[in-house]
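Chemist: Given next are the chains, with one letter for each unit.
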Amino acid sequence: MCLSIPSKVTEIDEHNNAVVDTMGVQRRVSLDLISEPVKVGEYVLIHVGYAMSKIDEEDAMESLKVYRELIEKMEELEVQEQRE
Amino acid sequence: MKMDLQLKDLFEGFRDPRVIRSLKSQIEQKAQKLDKKLYVMEVCGGHTHSIMKYGLGQILPENIEFVHGPGCPVCVMPKERIDQAIDLARMEDTILVTLGDMIRVPGSKYSLAQVRAQGADVRALYTPLDALKIAKENPEKNVVFFAIGFETTTPMSAALMEQLTQSGVQNLFLHINHVLVPPPIEAIMDSGDAKVNAFIAPSHVSVITGAKIYKPLSKRYGTPIVVAGFEPVDILESISMLADMALQNSDDTAIQYSRFVSDEGNLKAQKMIEKYMQTREHFRWRGLGDIPQSALKLRPEYARYDAEVRFAEHLSDTPVDDHKQCICGDILKARAKPFDCKVFGKACTPGTPLGSCMVSSEGACNAYFRFGNLTTEGQR
Ligand code: SF4
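Top to bottom, those sequences are chains A and B. Taking this note's numbering, the leading residue of the first sequence gets 2, the next gets one more, and so forth. Taking this note's numbering, the leading residue of the second sequence gets 177, the next gets one more, and so forth.
Don't read these hints as lab results, they were simulated from the structure. Please note: incorrect hints may appear among the correct ones.
One-sided excerpt, in silico: chain B residues whose CB lies under 7 Å from chain A [as the list claims (entries may be wrong)]:
| # | residue |
| --- | --- |
| 1 | 185 |
| 2 | 194 |
| 3 | 423 |
| 4 | 444 |
| 5 | 445 |
Please read all numbers here as calculations on a predicted model, not as lab measurements. Even for Gly, the Cβ is constructed at its ideal location relative to N, Cα and C.
From just these sequences and the hints, can you work out the full model?
Modeler: Written out as structure tokens, the structure is:
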């Protein structure tokens, strides 16, 4: 029920509505609940026909980077274990 | 090297099994140092669903356990409120509209799906805004929007009110059942016998409210709280953070889901809610009973749009409790698991729910019923 989906903004019209792409599915959503400016190409979280927030892209990239490092560290450890 | 963020990264990056394995061993190391067992309540039904779907409970060490919380808006709706939706749907020349999840949930006798089969005009909406469209297309009828949901969905009802009051449309009314996250947490903790000593707080409620609403709770109960995303990596990273915080005896609130959640939240949405709604003195929660100041209603200035005021004479108001075998209350306090209920999977199934935690896929019993056979927890 509270599930919302990250989506990419592909169009914005003059009534403050946007078309978003959610992994191949196109949807029309209202931007009425967002105060900061939204641009085509940005990511928003959508819930029952509304964009409710913009993603902090830098923050997301930072998390993904940390996870990549975790994977690398783990794989190194596993290689070491195999050698031993 | 600067890489561009791709939409698929936002899904796959947070579900990667290698990251899950790595976080699992991180958590195991921290758990060895814990001097007491961590009972982590995931407040939100969306988390319950993810935890069961990905079997996250099974990969945690023995001394960290999930407790499934009350955060499923469909599950907590008492039967008398569903009866009211049915009363409204059965009025002459009326169209009752609501968000999909609610339609199959039985009230004291029927569900909205059943009264629709009997001829009532009940429609599921993709967005609350469609209620206004339906009202415009059907000027000779009354359209009632049965509004449900936590803080995530409340601003959309407020945005509908904003459009409605500006539109001049006279035949649309709202029946508000919006509920708040902190009061049921307080009710569970104040009961005195809950074993819960850490929380992962909802993802999308917090996008709207901000993490600030949990700070008083973490202080008051001396427990760490982490606002977590819905993906499996998000949840495990949050558990790892909670383990750290527990080791430091922290009574703070932290944010794991920082790509979408800030301390302040969505201030525009908060203002919109404030403009049209106020707290109710009381609301009866299915499974938890009466909790003061735990739900919202329209402000008296907007009584003209309030279905509870406008159609008061049509609405029944007899409290209807769950089956006496139901132990949902104990499940919420970590005193029992769904498997401990005598009627689980027998008399009580998703098709014939006897209690609140079975009624939607976000409820603990429902999730155990659907995913439980994949897990070992049944034998525990
Ligand atoms: S199985 Fe049904 S009756 Fe038993 S606790 Fe769960 S919801 Fe209640």
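Chemist: Hint validation: residue 423 of chain B versus chain A, beta carbon distance must be below 7 Å. Holds or violated?
Modeler: Violated, because the Cβ-Cβ distance from residue 423 of chain B to chain A comes to roughly 20 Å (cut-off 7 Å).
Chemist: Less than 7 Å between beta-carbons is the criterion; does residue 194 of chain B satisfy it with respect to chain A?
Modeler: holds (5 Å)
Chemist: Can the hint on residue 185 of chain B be confirmed by a CB-to-CB distance to chain A that is less than 7 Å?
Modeler: holds (6 Å)
Chemist: Does the closest beta carbon of chain A sit nearer than 7 Å to the beta carbon of residue 444 of chain B?
Modeler: Status holds, d = 4 Å.
Chemist: Could you check if residue 445 of chain B really has its C-beta closer than 7 Å to a C-beta on chain A?
Modeler: holds (5 Å)
Taken one by one, the earlier hints fail for this structure only at number 3.
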